[in-house]
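Undergrad: Sequence:
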Amino acid sequence: MSNFDPLYFLTAIPLILLSLALHEYGHAAMANALGDPTPRLQGRVTLNPIKHLDPAGTFMIIMTSFMGFGFGWGKPVQTNPTYYKDLRRDTILVAIAGPAMNLCQLMLAVGIANVLYISGVLLGSWGHLAFQIFIVINIALMFFNLV
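Under my numbering, think of the first position of the sequence shown as -3, with each following residue one higher.
Check before you lean on any hint, since a few could be wrong.
[Said to hold, decoys possible] With beta-carbon atoms standing in for the labels, derived distance ranges: (1) 122 / 44: 22 to 30 Å; (2) 124 / 82: 43 to 51 Å; (3) 33 / 114: 43 to 51 Å; (4) 113 / 139: 20 to 28 Å; (5) 113 / 79: 39 to 47 Å; (6) 51 / 1: 19 to 27 Å; (7) 85 / 37: 20 to 28 Å; (8) 100 / 128: 17 to 25 Å.
Note that these hints are calculated values from the structure, not bench results. Yeah, the Cβ is synthetic: ideal placement off N, Cα and C, and Gly gets one too.
Use the sequences and the hints to build the structure in full.
TA: Have a look at this one:
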């Protein structure tokens, strides 16, 4: 028997793609802010998720989501470190910008969930599922990219 849950799948896919896009946007925006025009010239300093999707990584996310977990990857942001003023510091800042975006998403989701809970707003089972998936996705992306 299959454990495939269509509600989980239809909820997880857009949340995974959103989290990946914001993660990659973090890398691109940081590199651009530090003086590297490469991500901007490649159209990567955008919140448009399509610009941050890798075809193979997106395919893997969809296929593995059928198994109950979404494993895949976004399109890596290309940078040119010769534009950095302080190579070591700026390379580190660009590297941690993606996980920092996941931390921001995580904190925002937890904050909203807490405000809704304290306010007595009932989300229903789908709302709880969506928050749970979004939080777990961002924890996983953050830690996976820090290792």
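Undergrad: None of the hints should be skipped; say for each whether it holds.
TA: Against the structure, the hints:
Evaluation of the 22 to 30 Å hint for residue 122 and residue 44 yields a pass: the beta carbon distance comes to about 26 Å. In this structure, residue 124 and residue 82 meet the distance hint of 43 to 51 Å, their C-beta atoms being roughly 45 Å apart. Checked against the hint of 43 to 51 Å, the C-beta distance between residue 33 and residue 114 comes to roughly 45 Å, which is consistent with it. Evaluation of the 20 to 28 Å hint for residue 113 and residue 139 yields a pass: the beta carbon distance comes to about 25 Å.
For residue 113 and residue 79, the hinted distance range of 39 to 47 Å is satisfied, since their beta carbons lie about 45 Å from each other. At about 25 Å, the beta-carbon gap between residue 51 and residue 1 stays in the expected band of 19 to 27 Å. The supplied range of 20 to 28 Å is met by residue 85 and residue 37, whose beta-carbon atoms lie about 23 Å from each other. Between residue 100 and residue 128 the beta carbons are some 18 Å apart, a value that agrees with the proposed interval 17 to 25 Å.
Checked against the numbered hints given earlier, the structure satisfies every one of them.
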